[in-house]
Structures are given as structure tokens and as C-alpha cells.
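For this one, chain A is given, so just place chain B on it according to the hints.
These protein sequence lines are chains A and B, in that order. The numbering used here puts the first residue of the first sequence at 10, with every later residue one more than the last. The numbering used here puts the first residue of the second sequence at 153, with every later residue one more than the last.
To be clear, the hints were calculated from the coordinates, so they are not data collected in a lab. Certain hints may be false.
[Unchecked claim] When the alpha-carbon atoms are kept at most 25 Å apart in a straight line, the in silico DMTMM-like pairs for lysine to aspartate or glutamate are as follows: (1) A:655 x B:277; (2) A:655 x B:279; (3) B:184 x A:136.
All of these numbers come straight from a predicted model, not from anything done at the bench.
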Amino acid sequence: MTAVEAATAGRYAGARVPRVEDARLLTGAGTYVDDISLPGMLHACFVRSPHARAAVKTVDVAAARALAGVHHVFVAADLNPDVREQWHTSIGPDGPETPRPPLADDEVRFAGDPVALVVADTRYIAEDAAELVEVDYEPLPAVVDYVSAGSSPTLVHASHGSNVIGEMAGLPASALQGVFDSAAHVVSETIYQQAYAAVPMEGRGLVVDYSRSTGDLTIYSATQSPHEVRLFCSRLLGMPEHRIRVVMRDTGGAFGQKIMVQRDEMVLMLAARKVAAPVKWVEDRRENLLAAGKSRHEHAAVKMAFDAEGAVQAVGIDFVSDCGAYPTPWPVGTSAVVGVLFPGPYRVPKASFAAKCVYTNTAGRSAYRGPWQFESLAREVLLDIAARQMGMDPLELRRRNLLRADELPYANANGMTYDRIAPLETFEQALQMLDPAAFRREQAEARTHGRYIGMGVSTYVEPSTPAFGYYATEAATIRVEPSGKVNVYMAGGSTGNSIETTVVQLAADALGVNIDDVATIQGDTALTGFGAGAAGSRSGSMSAGAIGEAAAVVRERIVAIAAHKLEAAPEDIELAGSRASVRGTPSIGLSLAEVAAMSYFDPLSLPPGVSAGLEASARYTTRAGIWVNATHACTCEVDVTTGAVKILRYIVSEDCGPMINPNVVEGQIAGGTVQGIGGVLFEELAYDQDGNPVATTFMDYLLPTAADVPIIEHGHIETPSGGPGGYKGVGEGGAIGSPPAVVNAVADALSPFGVTITRLPLGPAQVLDLIESAPGR
Amino acid sequence: MSERSVRMTVNGEVRQASVEPRLTLADFLREKCHLTGTHLGCEHGVCGACTVMVDGAAVRSCLAFAVQADGAEVTTIEGIAHPDGELSAVQAAFRDCHGLQCGFCTPGFVVSVTAFLRDNPGPSDEEVLDALSGNLCRCTGYQGIIRAVHQAAGTLREAAGA
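Extracted from the complex, chain A is given alone in its bound form:
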């Protein structure tokens, strides 16, 4: 199928258009940061702390410096004094940030903390030299258990005066005590989620290339946001922003971990001006698992009050999040979102929440796909526990409480107003695909043969396309080149989100040109307007807005030129198939190439008031975020002898609005869903009780493989958003919806044993423990 054939009704949006990224990525011709090779380039390797917490007495770099091929060994005293400012745009200059020394100075605060940077001819030599750096550590007691960290006398950051980073709260739980006291049924549990992480297949990395003659700095980066890297770097070094250029071509997955500049990248930026050659640092898997950040690791005491018919009367959540030693960025705001969203897509009249973030001597918290997904995990798991306690069908309990279309817009009890969502519709669609009645018969039959199969569902609503701060605007430049071919310049950049294909589809539609006539240039701050990058499930919907704004200007000019030349009224000119023609008389028209030639080569022939050239830069600003919702439903079989869980069927019904490219939408949903399945069944970024990381390779940190995952069945409900094209964001939802669905399916399978699941992960050992300690055993 060619791209042209794929278009339906003259539109590329909505069609399964083949990706423009694929030709290079399938042939080994992609350009990831490790593929950058510059003349004279040197290679860097970090010396990292083996201790969770220790005083750094001395760092002896003499032997390392003496090794042939070593150019520099930097320690904190060499680089840290050069820091001018360090803050992330999303938090701002006055945010209550964690102190972040680029290299650890007097104290290391987690195993993996960077202490020194070696720069050498090759990575091999840099690694050799790193082993020769002698650091005299005096081990100190570490804060490892985050649950008790808040009251620990040992402090991760003595200067902060407490291990509590911050707290935010809504209505206090005490305010709802009366509701809970008089409720027909109250369910409360404390639910724990283990640490796991984004784990992109490509680690973080950058190449810094400072020119001493011009004072310009070029950075090649694995990032979700080249413009944020440039801004951050300009503040860090006190360099004018326009003297810095950040380039990313291909980023090998990111999932949130590459949104923000972390300490390791700061060190490379600081080293750039001190090394008379370009320097490359690309982290290996061990570094990624040690130091790129962890996510999840949190728990909450949650409770719900119901009336006698099972209608929710109030909910409450008291949430605590382990943020490690150096969270990036300040984590307290995100933790509050867990509380704010805990009521979910349900009719919940009253809600209380409290959220607390604590420091520990472990890897810092970094953003990960659906960073607040604990709200859905806790709510959906608790709903199933409640249903079991009340003797109700968990599906019926949800059906009674899910918001109906006629109730929207609906302000949740914490003040979030949901609109243009379809929670009940996705729920019913998913169930229709699953056929719960048939499954219950199958389950009863299976149990008679000693087989334990189960069914679980979850529903959620999440905000996408944030409408605050620098996320609220996105720019596009559209240039019809003199030959009539089109380039679209956007911040973007391929991180696996298919944003190049999306932009080409949207621009072809917006201009009425053939898709093969459109290309896109992204990921280069020297060429593209400022944009916040791939975050918050914003790329598709914001791109649609920016392209729409720029295309409107270009279209108007094309129409004016064509109308003038064809002696027709502008309103009679239509643009389609890379031609401007007179409506009703398609034979009378001009190709876009002919219009472009007039515009660039014969500017004096243009109609009055029309300037030469066919290009426009414009910026879209959104004033309202976009809600998106889904229901996940799955079935599984638990082997009660081995503890292994096998997912049998997996269904996602998502209301993602109209789809720009169903392949891309389903790919995002499937990828997120499988990350969530991995998070429940396989993955754990574990530490021992002394703070030593125990999962630093893929032998220990287990990712799901093709053999572990089900075929995902997709259902779609289409409620247009209020934004451009009616589009919604789908980047994160899969990772939000899947964990509770899987947990609920396992719990359902094991219901004959009377198990209650409140701790993750559910690896074989944990499943066997659950069965052995179950009351029904």
C-alpha cells in the first residue's frame, strides 16, 4: 500500500500511512547519539560511587591521568564552581529544587553517584583509567527504606534539614470522617508499588563540541526535548542561548527519562569548554540502571466509602513517594497529581488527599510514562477488593459508578473538570470484546480441573496536552521550496513516537498536497522554533495546532497567487493533490510547483499585497488541556505450582478522539501496555537493605519479551477533544491502564484462595508467597 493509496477521502489523517522514519531505521542508517563521530573526538567515562552513602575524603587521579591516552580527569572541584544557574523550565528559577552538584563533592548519596569524569582517546581507555581513580570513601549510614525515611535521623541532604522533600494536600481526611463513619461499607488498604524504570533500549548520552575560536557549543543529545537541553545548558554555563545548538536525530526510546537534563549531562556540558576536542559520553546499561533514575516506588493508604447499593460516597488517599537522592525535576507537584486524579472517571462526591515525597540514598526519581499512574493502580485494585468484600461483581460496581455521557462536563471532587471523555462507553466496549459471561463459565470449568484463570479490568482518565507553562505552545515553520516541495520545521524529533510521520500527514492535509511532496526537519534548535518536546502526551495534538496555524498563512498566499493568475475569485480556489485549481473546473489550475516558481522567481508578477516566498512560521497556543480515557481488560492464567502468570487475552478500548494514524496510536497503546505488564510481572529496580543496587544488568532487571506478551485487541471510541482536529494524546495511557488490569486478573484467578494483592511486583516468588499465606489455603 502506498501512502497515496492509504489516504481516505483525500485526507491522510486517519489513514495507516507508512512511517517516514522507517527507511533509515530499518537499514541501519539512523543517527543515534552514539553514531555521531567528530574529528578528534574524545570519549568520557564516569567514576561512580559503589556506596549508597559515604563521605568522600580524597580523590587521587594521578594514576589515571598518567595512563597513555588519557586527556583529563575531572573531579568536583574542577567543574562544579562553573555552575551559574541550574533549573528546569517546567519548575522555574525559584522552585524549591534539590541541591544538585554535578559531580559529588564531599558526600556520595547513592550507589552510582558520579564522582569523577575521565576523558580519553577511546571509551576503552577511559574505562581503564576510571578504574585507576582512587577514591577514599568513608561509608556512612544510608537511608534506604523510604517508608521510614521521613522520620529517620539520618539525612540524605543535611542542608535540607529533613528527608521530606515536600508535601501537598487537598481536603484533609478528617473532613470526611463523618462520611466514612456512616457509610454502609468502607474498604481501606495500603497498596505498594515497587521501583521500576523507563529503561529505553538506548541509554542517555551526548556529544559536546565547543569551539574555542567562535565560542559556540554544539551538543548532540539523546533527548525528548532539544530546546530544553539548550536552555538548561545556557543557564548552567552562563552562555547566551543562541551560541548553543542542540541536535538530535534519532533517540532510541525515552519514555520520560530523557525529558530533563540530569547531573551526568551537566558534567559533560561543564567539561566541554575545558577540553580542546569534542567529547562523547554514552551510558552503558549498567549506568542506565544505576543512575538514569528510577520511577514508581511508592505506596498509599487508600480508602473508599460506599452506600448500600455500592455507590461511592467518598475516597481518600495518603500517598508517599520514594524520590531517591537526586530527583529530576522537583517531584512534589507530580505526586500531588496522584491525589488529585485518584477519584478517576467515577462519580465521587467527596475526596481527600495528601501526598509526600521523601529522599533516600538511591537513584533519583525521574519522569516515566504516566508519572502519576499510581492513582489508577491504587483505585482500580481497591475497587476490586471492595467488590469482593461487598460480594458484588467488580464489573457491576464500576458500571454503577462510572461517569455517563449526560453527566459531562463533570468536576471531580478535587476540582478537575472532565469533559469530552467516554468512560462508560470504553468500559462497555471492552467488556463486549471480552465477553465476561463466557469467561466466567470457562473459569468455573477450569477450576474443576485445578486451573486458575482470572479476569481483570481497569478504567482511568488522564490529562494530556498540558495547557500550562511552556507546554502550552508549539511552533511550526512551513516552507514551500521553489520547486514546490514542502519542508515542515518543528522542534519534535523521533524518539519512537512517529512524530515525523505525524507531522508529514498533518501538513499534507493542511496544505492539500501529496504526502510524498512533504518532508520534515526536526530535532535541531538551530532550525526549529522553541518547543517543550515530547512530554505529557502532547506531540500529536500540539503539532496539529502549530501546523494548522502555519499552513493557514501559506494557503492564503498560494490561493491569492493562483486566483490572480487564473483570474478566479480566491474563494473559488481549492488546494488538493499539490494543485491549486478552480472549484468545479479542475482542469483549470496550477501545480504547486508553478505557484512556487511565480512566488520565488517572478515576484513582480504577484498580486498586490502578496509578498514573495511561500513560507510561514506560526505558533499555536492551547488554553485547555485534553482529557483522554480508556478501559483495559485482560485475562490470565496463574500456575499455582510455579507462580508464573500468563496473560491470555488483552483488550484496550481507548477514547483517543480521531486517530491521525491508527498504526501509531495502536503502537503507542501497545508499547505502554506492555511496559505496564512488565512492571507488574517482571521488572524491579531493587536495592538490598544497605542500598546496593541488585539489578544492574538485563540478567537481573527483567524486561518482557515477545514470548511474555499477549496479542493486544484494540477498541476505539471517538469523542473529539476541543483541540485542533479533535485529537487527544495517547503516548502514556497504556502504561497507566495495564498494571491494575493485570493485578486484578491475577487476584481474580487466585480468588478461591482468598488472596488480597496489595504489593507489587507479582513475580513467581511473590505469587507463591501470596498463595501460601492466603487464608483460603
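Here is chain B on its own, set in the frame of chain A:
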């Protein structure tokens, strides 16, 4: 460290270099041959991103030393498409089935699947999953990759029958 001369045929071209014995085959391909399509995802032989063919066998190039491939015929992702640039059946199937997103793991999958289907042109569903389980992908949830293997198997069988 004393260097040794290695000579191998990579994608049909003879490559010769003096290398340290500890240089991995992956780094030889990436740094000495400038063939950067072979990617390093774990350097532990688990993720499969670095898979290349050595004398026809799929090999983790992060776990092999360049000197071990002395005299061998090596095929990397850059050598999989037809000489005129047309994608191979496996590559085309990955494109058609949305079998890739960020593309970092893709070269390893394409090489592994190419070797697998050569040896087993009519795999069962279970054999496909088993063959794929040695490569990790973090983007796609494997959905499109599994479809791609079945499509490529069909295309290759048709071509063989024609």
C-alpha cells in the same frame, strides 16, 4: 596492549585492521568499519540489539571479539537490503506491520529474524515467539514485530515457490 591484525568480509567487502584483542566485534564494526547500524543495548548478550551474522549464524557482536571473527563473513543490518536499496522481505514486513518505533532494537531484530526464517521458513506461532524472545524491544510491545515475522515468512515462501 599489543594489537593483532584481523581481516574479515563485511557485507561483501574485505575489511582489515589492527586491533586490540579486547575490541569487541560490535565496536570493530561501529568504529573501524563505520557501520553504526549495529547497536549496543546491554553489552551482556541479553537484548540482541547488536546481532549480526557471522558465517551465516546470528551472533551477539557485543559478546564476540573482533579477533574471533578473523577470516569470517559478516553481515550487518547495512548488508540486509538488496543492492539496489530495495528492502528485504523482512525489512519490508517490519515497515508494513509497524514493527518498529524508535528503531534502536530494530537492526538486531531484522538480522535475527532473517537468520531464523532462512533456517525455518515455515515457523509455527510458538516457534516465532521463541525465536523473538532473544531480542528486547521497549517501544512496540512486540505486536507489529510478531506480525512482521509471519508476513515475511509468507513472502519468502512465495518467493521460494515462484
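Given the hint that residue 184 of chain B pairs with residue 136 of chain A, test it: the Cα-Cα distance must not exceed 25 Å.
holds (19 Å)
Given the proposed pairing of residue 655 of chain A with residue 277 of chain B, does the C-alpha separation stay at or below 25 Å?
holds (16 Å)
Going straight from one Cα to the other, do residue 655 of chain A and residue 279 of chain B come out at no more than 25 Å?
Roughly 17 Å between the alpha carbons, so the hint for residue 655 of chain A and residue 279 of chain B holds.
Consistency note: the structure conflicts with none of the earlier hints.
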